[in-house]
Amino acid sequence: MPNVEGNNGYGKKNVHPPDDVLKESLLKYVKRGLKQKEKLSRLQEDHNLAIGHRFSIAKLNQIERRLQIPSVRRDSRDRPHETVQAIIDEVEQDIAQNNGPRFIKDKFKDKGLMVPRDTIHATMLEHFPDGFTRRYPGRKKTTVVRQSLSAIGPYHEVSSDGHEKLAAAALKMGGLSLPIYAYKDKWTAFLLKMNVVPNCRTAGAIGHLFLDFLEESGVAPLQMTTDKGSETGCSMLFKDAFAPAIDPGVYPAAAFLKSVHNTVIEAFWRWLHDKLGFNMWEHIVRGKNERISVEEAPFHHDLFYWIFPPNRLFTVTHRLVR
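Each residue of the sequence shown is one higher than the one before, starting from 0 at the first, in numbering that gives the first Met the number 0.
Note that these hints are calculated values from the structure, not bench results.
The structure displayed is predicted, hence computed values, not measured ones.
Hints may contain errors.
Quick list of in silico lysine to aspartate or glutamate cross-link-like pairs, EDC-like style, CA-CA up to 16 Å [claimed, not checked]:
1) 27 x 44
2) 192 x 215
3) 227 x 265
Simulated DEER-style distance windows between Cβ atoms [said to hold, decoys possible]:
4) 133 x 240: 26 to 36 Å
5) 136 x 282: 14 to 24 Å
6) 171 x 115: 50 to 60 Å
The beta-carbon is built from N, C-alpha and C at its ideal position, and this holds for glycine as well.
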């Protein structure tokens, strides 16, 4: 009797999906990094397709070769020189050398290029050995280069910055905050002015404080050195307005540095925090811990700001005149 359905002793035959659908699914599995057994399980779930029985993995490999599905072994074996060059090209784009073989392998996988991790590791070790030293866990990071400070005299360069170790995030007392802002001369290392301000991140508050600084000192610095915060916008405008005779080509009006390089004021903050900051924080937070200050009581906030600092320090006395 003829076997019309084509079934044999192994059971009913599978109906394979079209090649384009099957190829799309297999490429998706490759990008997800699935192993061969995991691919078989996903094919069963996605397409109700059980490939073979005893030799299922061999059958899957045969289908992948026919559909030109990338594989770690096939790609690296068939195109060794192209694989090495692709690794070199990818690592050369990582100027900082922060990415290891696993990251490079994942990037290749997203592009449909399957390369063994050992091949990537060996290639990187041969052509980019310094990267492994740089990424070694526990290595000492590159320290900031130290150099001597120089200035031509007092008020040549004044450094300023804000300090938030007593701000709302540090105190955690229902929004109560005591941010600080200070000015320090580079040549004399003298602390010219330091005040608690309502907010050390707004240009308006720091602009008013800068006017106080100019009024008290009677001198406009040749150069202001700050970090790259936005709170110095008004201060820079006021400085230019009060010192129009200074040639910015000879004495730049401002220098914007990273905090780690603005050492004149940052070193002072470290000293202040170690010598006085911890004690100040303990005294203030004790009010919360002993329930002297209740966060839910609005008048306690007013009383807090009357004591730390007095409310008169927040009074604005400046008037802008055209």
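Structure-based check of each hint:
1. 27 x 44: 14 Å, holds
2. 192 x 215: 9 Å, holds
3. 227 x 265: 14 Å, holds
4. 133 x 240: 26 to 36 Å: Taking Cβ atoms as reference, residue 133 and residue 240 lie about 48 Å apart, which means the hint is violated.
5. 136 x 282: 14 to 24 Å: 41 Å, violated
6. 171 x 115: 50 to 60 Å: With a Cβ separation near 51 Å, residue 171 and residue 115 satisfy 50 to 60 Å, so the hint holds.
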